[in-house]
Amino acid sequence: MNEHSMVLKVDGISKRYGGLQALDQVSLDVRKGEVHAVVGENGAGKSTLMKILGGIVSKDAGAVTFHGERTEFAKPQDAMAAGISIIHQELSMLPHLNVIENVFMGRMERKNGVVPWKRLEEETRKALDRVGLDVNPHSILDTLSISHRQLIEIAKALSIDASLIIMDEPNSSLTESETEQLFDVIDGLKAQGISVIYVSHKIEEVIRISDRISVLRDGKYIGTIDHADATADKVIQMMVGRELLRERRETHEIGDVRLRVRGLTGERFQDVSFDLRKGEILGFSGLVGAGRSEVCRAIFGADAFTDGTIEFEGKQLYFHQPGEAIRHGIVMLQEDRKKLSLFMGLPISFNMSIATLPRLKTPSGTINYRKVSSVVEDFIDQLNIKLGSPEHPVSSLSGGNQQKTVLARWLATDPQILILDEPTHGVDVGAKAEIYQIIRKLAANGISIILISSELPEIITMSDRVVVMHEGRVTGILDPDRITEEDIMSCATGTVDESVHTALETT
Amino acid sequence: MSDLQTASPHGVKPPHSSREKDSLLTRIFQIKEIGVLGALVVLIVIMSFASPYFLRVENIFNVLRGMSTIGIMAIGITMVIITAGIDLSVGSLLAVSGMLMARLMYIGMPLGPALLLGMAIGTGLGAVDGFVITKLRVAPLIAGLGMLSMGRGLTVLFATGLKGAVASNIPVKSDVIDFIGSGYVGPVPFPVIEMVILVMVFTFFLKNTVLGRQIYAVGSNAEAARLSGVNVNRVLMFVYTINGALAAYAGIVQVGLLSTAATNAGTGAELDVVAAVVIGGTSLFGGEGTILGAIIGAAIMAIVRNAFVLLHLPSAAQTITIGAVIVVAVAVDNMRKHPGKA
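Residue numbers (the numbering used here), protein chains in the order written: chain A, 1 to 507; chain B, 508 to 849.
Isolated chain A, as found in the complex:
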């Protein structure tokens, strides 16, 4: 390879977050005028790598060579000055300011203390022209579509003379035609000799747009393939690749349909249908943002939905408030423990009993603290929660014990349907195994469980059947014989072949 054509060389980069090895000796290179895709499952280390290149986080080891020079970016401004520009997953623009202000954010010029608006407007127009966008530079960002905002981010990158543009999941919020427009712009960038690192997990699109594809898995570099050799199957194989886990739970008696969802449609999911049976563990797989949590939040009454029906034990029901769902025996353990579940400064016993309090009253209507503490003691023993005293604040517990505390809150309500959204996130290995045992035991006792998880091994070992979602739609409902990493990933990335679909029993 011609040394001059090499823009970026990453050599043996490692990064550790606490106990998590986010990147382990990752190396790759980017050529001039190349679109280089970086793909991997959730948590493969893509975003961490991009943050290091953009000077947002520092690396623990390894070297970055940019235009033939060793570089150390201490802050994002350093990377920008060197000519690396990152377009983030979440658009990082200021919605209440206009296009000019956003393009020149952080480097607004002054002439005698005054902003030379005329000249900046001129330059903004030039930058917009390069991405083929025709909007008034004085428009407030808020009034523009997401795709326009995305293009403005690219225009901004161009206006600082970036020679390498990193796009982190650039099309996650774009429609198909907007994506086409983005691809045209990327082609234009290539023609101008600008290199692009394109981070995504949408395999088909990645294969279309990129010259080369590098795959990361569990923080490690797996390999790079050329456009000519790239097929969806091959890329998925590289992404998944790990030793296939086959210790599935032995199948057991599963009862009648308890929850029947048909055509459920909301802001972030369309036409979702599935059945949940008594004593079944129904896995929900898909990539982050596929709409799994949103579907379950709608069933739980936490969010509204616009269309479709939910039938519970043969009766059509829907809930305006989670409180109504809880009274009907449908509960949901939320993914974001700190934000959506825990009352941090309040005692462990309070955190455990809050959802059950209405049932733990004396005849006169006051709280029966004897009952409360017997319920609390009971779950501390049953779930093996390690604590000092139930009256200590829940913030004193480890992540795993906090999660068990929230689980206890829901089990205390005696649910019939238990929705678990990433129940083992941020939980140590020991607690994880215990949570798996608890889930299996609950299912054996006839509780129906929806298990949302981004960890494939978790889905595969735990589930009786798996619903796979992609971009708000169900792309597959897999029976036990089809629960494999390959089948799940091809449904999850939208590269599904029709045979994977299992037709719903017509009712």
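Among these hints, one or two may not hold up.
As the list claims (entries may be wrong) - Calculated cross-link-like contacts (lysine-lysine; reagent style DSSO-like; alpha-carbon spacing at most 27 Å): (1) 339/A x 670/B; (2) 642/B x 339/A; (3) 361/A x 714/B; (4) 386/A x 714/B; (5) 278/A x 432/A; (6) 680/B x 338/A; (7) 670/B x 680/B; (8) 371/A x 714/B; (9) 32/A x 220/A; (10) 220/A x 126/A; (11) 386/A x 338/A.
Read the hints as simulated data drawn from the structure, not as lab findings.
Assemble chain B onto chain A, guided by the hints.
Only chain B this time, still in chain A's reference frame:
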């Protein structure tokens, strides 16, 4: 289910229960009001040396009577602040309730209905405040500011009528109202007894009812509360309505104390009330706090005021000291709760 038996959840449990019983000393230091209670005791000890008059029964009851309206309103504001809210309108609600009652009695309405309508307007305006916060999604600070102004305006309107025909202060001649505001049971002023009863009732309510516990849940994490089945808006509506009712009752007490309803009654009281609550250890971020703490906070402020009178110190210094007490109390409380954080 074979793996369930091999690694039963009890398998890893240590032989004795890991839950230790806290020692008596630890438990005393865990009493939430311990810090502010200590400050109160120190203050009392200092004052008893500084002025021989301070510990006399009449003086103690004077101090207590002087803080009773603030104390009654602090009960409501404690609950409001536990939900991570605030209400700056209590001084106005106090005034408008007392004034409406006085005006109605002045034009000949019997005591019973006038008292009820006086209570009703404060309670109703509290409910309006709750509605504005929960349904119209106006920040509590702004809703309270609006109500502060509207309540004061209504007070003047009730006092003077549309044409400004009646004097701004309306005298009230009623033995019952007088007793509520300035009566004595033995040596004990009746407003102090009312305050103590209300403190006990609402302390019991916060600790022993589902709604009381849900107030803490909403303040600690409103979204988690909703997802745990708490009807957050209903809790907030309740808290702001009760807060209005307590302010209205304080308004009746105030009228009884002075035998007059004044248009400027309770001006600035909202600041004293909020100060008492935060001195008492209730966090403005919500989720924690006790009514007892707020009462102790009110007592500290009342004793500081009393000290300046007894020691013949200038009143300007009194105002400055009160301000400093508020800031120091909260700073000390923060250091106690989060040691080591700069």
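Notebook entry, point to check: Quick one, are residue 32/A and residue 220/A close enough, alpha carbons at most 27 Å?
Noted result: holds, 24 Å
Check: Between residue 642/B and residue 339/A, is the straight-line Cα distance small enough, at 27 Å or below?
Finding: holds, 23 Å
Item checked: Pair hint residue 386/A and residue 338/A, alpha-carbon separation not exceeding 27 Å -> holds, 19 Å
Check: Holds or violated: residue 361/A with residue 714/B, Cα cutoff 27 Å?
Finding: Holds, because 13 Å separates the two Cα atoms, which is no more than 27 Å.
Next item on the list: Measure nothing beyond the straight line between the CA atoms of residue 371/A and residue 714/B; if it is 27 Å or shorter, mark the hint as holding.
Entry: Status holds; Cα separation ~15 Å.
Check: Taking only the CA atoms, is the gap from residue 220/A to residue 126/A under or equal to 27 Å?
Finding: Violated, because 41 Å separates the two Cα atoms, which is more than 27 Å.
Next item on the list: Verify the proposed pairing of residue 278/A with residue 432/A, using a straight-line Cα cut of 27 Å.
Entry: holds, 24 Å
Item checked: Pair hint outcome, residue 670/B versus residue 680/B [Cα-Cα no greater than 27 Å] -> Roughly 24 Å between the alpha carbons, so the hint for residue 670/B and residue 680/B holds.
Margin query: Against the 27 Å threshold, does the CA-CA distance of residue 386/A and residue 714/B hold or violate the hint?
Written below: holds, 26 Å
Notebook entry, point to check: Would the pair residue 680/B and residue 338/A pass a check requiring their Cα atoms to be no farther apart than 27 Å?
Noted result: violated, 57 Å
Item checked: Hint consistency between residue 339/A and residue 670/B [alpha-carbon to alpha-carbon, up to 27 Å] -> violated, 55 Å
Violated hints for the displayed structure, listed by number in ascending order: 1, 6, 10.
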